[in-house]
Amino acid sequence: MHEWTLLSAARKVREKEISSRELTRAILDRIERHNPRINAYVTVLTEKAMKDALACDEALQKGRTLGPLHGVPVGLKDIFCTRGIRTTCGSRILHNFIPPYDATVTGKVLSSGAVLLGKQNMDEFAMGSSTETSHFGPARNPWALDRIPGGSSGGTAAAVAAGLCFAGVGTDTGGSIRQPASVCGVVGLKPTYGRVSRYGMIAFASSLDQGGPITRSVPDAAMILSVIAGHDRRDSTSVDLPVPDYLAATRESVKGLKVGLPREYFEGEGLDPGVRAAVEKTLAVLTSQGAQALEISLPHTRYALSAYYIIAPAEASSNLARYDGVRYGHRARCEGGLIEMMSRTRAEGFGAEVKRRVMIGTYALSAGYYEAYYGKAQKVRTLIRRDFEEAFSKVDVILTPTSPTPAFRIGERTGDPLTMYLSDIFTIPCNLAGIPGISVPCGMSREGLPIGAQLLGKHFREEDLFMAAAAIEREIPLPRVAPMGEA
Amino acid sequence: MAITREEVLHVARLARLALSDAEVDRLRDQLGGILDYIRQIDTLDTGDVVPTSHAVEMGTPFRDDSVRPFGGKEALLSNAPDREGDFFRVPRIIED
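Heads up: the sequence lines are chains A and B, in that order.
Letter 307 of the first sequence, counting from 1, is numbered 307 in my numbering, and no numbers are missing.
Letter 89 of the second sequence, counting from 1, is numbered 1089 in my numbering, and no numbers are missing.
Think of the hints as simulated: they come from the structure by calculation, not from any bench.
Positions of the beta carbon are idealized from the N, C-alpha and C atoms, including for glycine.
Check the hints yourself; a few may be wrong.
Heads up, incomplete: computed chain A residues facing chain B, CB under 10 Å, no partners named [said to hold, decoys possible]:
hint : residue
1    : H2
2    : I98
3    : Y101
4    : S236
5    : T237
6    : A321
7    : R327
8    : E335
9    : G336
10   : I339
11   : V358
12   : Y373
13   : I384
14   : P404
15   : Y421
16   : G434
Let the hints inform the model, and build the full structure from the sequences given.
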């Protein structure tokens, strides 16, 4: 039953084919068996989940359901605040933080009736592409335990691919939903900036961060987005637009859909030939269904990574200033004054990657450098946004690889920060432009590792992505749960 | 782009990070490499380009300035590393 989609699990609970307790127990047993190896969860809520499942079963007996996910066990990346439940953001500095409130995403997931299984592993403060920067140790790819599950939402993607939950919610600042989804063989969507509330979602780079679903099917992702999307007065960047019927979009035909192929994404040296072939096959599938392919150009693509590695660390250095050992989290023991306490707390509480980015960001914002770095990067951001505006005057969606390679080995890129940063080269421009992007499985490498295709769409046109991704999913059937050494 | 040890220490002070000597040396090398890569954008002419701070343009949302009670005071204070009543205790601020 751990292989069921979210939608079929929800239907079976609703129609009383299975109780929420049986379903939740089965997944908790799997977590107990596999999590010591996969390390997908940093906190497992065994007792609370069983209690909540019982409450769901009792409500159902009385003919009441809370919402569309009634009784179905799910997970949340440990970046979403959960009232009374430890929320670490993968960091030592928050190892003991108990939020006094729920994130809006947490509240929406719970009020849809879902049962929360636990909090999922991630790169520290979402800074990383492999979950190796987590204070709680790396998560592992269920398809090959010596490989990374991607990052920063690697714990969530690994849990979904290992059948350790029916769906999860992650966050994406430069690819942190799509890249792990791609390398774990599952579906991941970064919504349009402003579509999902950021209230209670621990901030990394506020102008880029967005929460979104990681699931085993495209309709499941559409369901999760319809649960978590919508305006929130507590997030001033949340957009007040109606939430469309995303599930209906997954049933529409791609006939007449114009699919753009940006030549800049296919001409670099770093693109694995197997990934290229899988994406080319994906295009053939779409055109065989009546979509139309067009070559396009996004000329400023090669500057996106540079702009991102100024803007994201700059915003992060400001957002992470709040971790000072005064009100919550880790505090260093020391004899000195306030400034010394803060400086030692941060030195002990942050890992190497977070320190590196705080340093880059502080440097880029410091007196004399602001205009040359942050000011310049914001102008480049305008050029990247205009590239997409120009492209979307000709096409409806853009098709690219999600990640240039399948999952790499644990430890392979930790020595060189720049090589690690290049893992996100195809996903970063989307965040800079604020547009939505989805990764959908489209093939397997010769070593049996999953490959993902990325679709990018116009602002607030997630329906187009669901329509095209669902067509790909129907035509290229692939296993969504890793075998995990089981028959 | 070469960056000096003194610059690393200056930025670390601004960022309130007490770095070890080994960290300072490592960061000097790594930041130099990353800044070299980032400076690629210098080759772009952005003279008349307007900067983007948010990708989805919308006006400032206004709301009434009204008081709403917060019920989680105890839950919030119980996170304090050092607490005295309803206050957060910190080391002395004024150095001798």
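A quick look at each hint next to the structure:
Interface restraint check for A/H2: the shortest CB-CB distance to chain B comes to about 35 Å, outside 10 Å, so the restraint is violated. About 6 Å separates the beta-carbon of A/I98 from the nearest beta-carbon of chain B, less than 10 Å, and the hint is met. Satisfaction of the interface hint for A/Y101 is found here, the shortest Cβ-Cβ separation to chain B being roughly 6 Å, below the 10 Å cut-off. A hinted interface residue such as A/S236 counts as satisfied when its beta carbon comes closer than 10 Å to some beta carbon of chain B; here the least separation is about 5 Å, so the hint holds.
Interface hint at A/T237: satisfied, since its Cβ lies 7 Å from the closest Cβ of chain B, which is below the 10 Å cut-off. At a threshold of 10 Å, the smallest CB-CB gap from A/A321 to chain B is about 8 Å, leaving the interface hint in force. About 6 Å separates the beta-carbon of A/R327 from the nearest beta-carbon of chain B, less than 10 Å, and the hint is met. At its closest, the beta carbon of A/E335 sits 8 Å from a beta carbon of chain B; the interface hint therefore holds under the 10 Å criterion.
Taken as an interface hint, A/G336 checks out: its beta carbon lies about 7 Å from the nearest beta carbon of chain B, inside 10 Å. Here the hint on A/I339 is kept, as its CB sits about 7 Å from the closest CB of chain B, short of 10 Å. The interface hint given for A/V358 is met, as the beta carbon of that residue sits about 5 Å from the closest beta carbon of chain B, less than 10 Å. Taken as an interface hint, A/Y373 checks out: its beta carbon lies about 7 Å from the nearest beta carbon of chain B, inside 10 Å.
For A/I384, the suggested interface contact is upheld, since its CB lies about 8 Å from the closest CB of chain B, less than 10 Å. About 16 Å separates the beta-carbon of A/P404 from the nearest beta-carbon of chain B, more than 10 Å, and the hint is not met. Proximity of A/Y421 to chain B holds as hinted, the smallest CB-CB distance being about 8 Å (cut-off 10 Å). Evaluation of the A/G434 hint against chain B yields a held restraint, the C-beta minimum of about 3 Å falling below 10 Å.
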